[in-house]
Amino acid sequence: MIEIRDLTKVYRTGEIDVHALRGVSLSVARGEFLSVVGPSGSGKSTLFNILGGLTPPTSGTVHIDGRDLLKMTDAERTDLRKKTVGFVFQKYNLLPTLTAEDNIAIARDIAGNKAEPDPQFQEILTLLGIRERMHHKPRALSGGEQQRVAIARSIVNHPAILLADEPTGNLDTENSTAVLGILRDLNNRLNQTILMITHNPEAAAYGHRTVHMRDGRIVE
Amino acid sequence: MMLTLVGLSHGITDDMALRNRGTGADVMVRPPSSNLLSLGGVGMSEKYVALVREQPHVALATGTLVQSVAGLFNSIAGIHLDEFNALSGGFHYLHGGPFQNPHELIVDSTEARSDHLHVGSIVKLGKDWRVTGIVEGGKLSHMFGDIKLLQDEYSQTAKVNFIWVRVDNPANIPSVVAELKDKLPDFNIYTMEEMTSLLAPDNIPLIKGFTDVVIGIAVIVGFLVVFLSMYTAVLERTREIGVLKALGASPSYVLGILIRETVLLAIAGSIVGIVMSYGSQVLLTNFAPSFLTMEIVKLWWPIAMGIALAGSLVGALYPGFKAARQDAIEALSYD
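Sequence order for the protein chains is A and B. Positions in the first sequence are counted from 1; adding 21 to them yields this note's numbering. Positions in the second sequence are counted from 1; adding 245 to them yields this note's numbering.
FYI, nobody ran anything at the bench for these hints, they're computed from the structure. None of these values were measured; they are calculated from a predicted model. We put the CB at the ideal spot given by N, CA and C, even for glycine.
Okay, the calculated bits of chain B under chain A, using three or more residues with CB under 8 Å as the criterion:
hint: 1; region: 491 to 505
hint: 2; region: 567 to 577
Output of the computed footprint for chain B on chain A, the stretches with three or more beta carbons under 8 Å from beta carbons of chain B:
hint: 3; region: 68 to 80
hint: 4; region: 94 to 100
hint: 5; region: 108 to 121
hint: 6; region: 124 to 136
Some chain A residues near chain B, calculated using beta-carbon distances under 10 Å:
hint: 7; residue: Lys-103
hint: 8; residue: Arg-174
hint: 9; residue: Asn-178
So that you can see chain A by itself, here it is in the shape it has in the complex (with noise of 0.2 Å):
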């Protein structure tokens, strides 16, 4: 499903390269739920923004269903972000003004996708338990209520791949033991390929597999 070899990657600030990725070699199978975890600046998040098609790498090679993302434009990462990969983030990012049921059919709208979400999407929101607060905006969510609404949101278009960025990080411990649930809930029914940052061990255990990542690198 992933392919990762020897990406690397350097932002520059100023005058100064920051080597932010130093040779990242990965597998990720197709149904994988992978734990990636590691101290802040160990490049985590940039494995997930490389992979999420928000930024390219600077060398090495990365296939995600064959498709190389070094040799991709800018408009073909878009489409990546569209139609392959979801993003679940740790402060949910739901669009403050429109309801929950409207952030998720905006991101059927950007994939093209102008047709009713399917009877299985349906079940889905039921899973989440969020059926019946589809018609609220985000501020009258819980926390936990948002994540799940943000989980929808990144499945609606079945996306190969789901990048959760620390989904629980501003989740109290009842709240983030469902969505963690969910998460593999979804791995389990729909063999959602699943990568996951978090700095919990606990919620690490959820995946199938850990990977540690130190300054750029995995180290274990």
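Model the placement of chain B on the given structure of chain A, informed by the hints.
Chain B only, in chain A's frame:
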């Protein structure tokens, strides 16, 4: 602002044209070096009235001395009451009656409403003039007094600045005009149709220039307001734009959202402007001087909307492109 000023320019000129037509004349004669818009100005000897009367097919002719008062567009007309009545069909008195003594005048209902006048009120025009009658409007001026007195008051003894001519048959108007132009070569002679078309705002350089300047200012103000509000909106929504980009929104999708918002704002602003122009009309009718007549010029609604749209879209372009080019990672980390 644009619709109000356009409405004012049309209202004032149309009102002038209407009141000139209300005299019942077919032809208007003005002295040399005068122009259509000037209400007072140079006079001509009353003997020309007699000369005009002598021309073939002239059924009636009377001279008036119109003096501007209280600004550019308001005036008092000195008239020979009997002659003016014969020409115009006579005043319809709502209250009181005609002036009979020195320093008496009649006013029309617009002037009475505007200045809160009633029969017996005193109007200060250099000296105190007493209102003896309130008449229906639409005839030459808003205030009327005896011409002899006005000639003396304004040092225009035996002078008039308009001669109004009724022709015996409308078919003879061209020949009467030709005859008058022949006899009075330096004078300005207009048929009422010519006068009406010449009193259009586009034919009056002062009003056209003023309107053009106001439109220019409106475009610049519209551009700046939309530019600043959109620029602020883009800054405030940096994170939201980042979210849209993370969801796969292309630059054109983000730009499209802002353009649609701008178009909606411009249309809503235009509708509010149209409603406000009605409000301006009500305010001007009730609280402004009588010469400030405002019309609702519906022809200008699409023009004003077009100008608002153009100014807004130009104003939204830079913020729109800034949003479209926004880096998704930076935008997502924006607080």
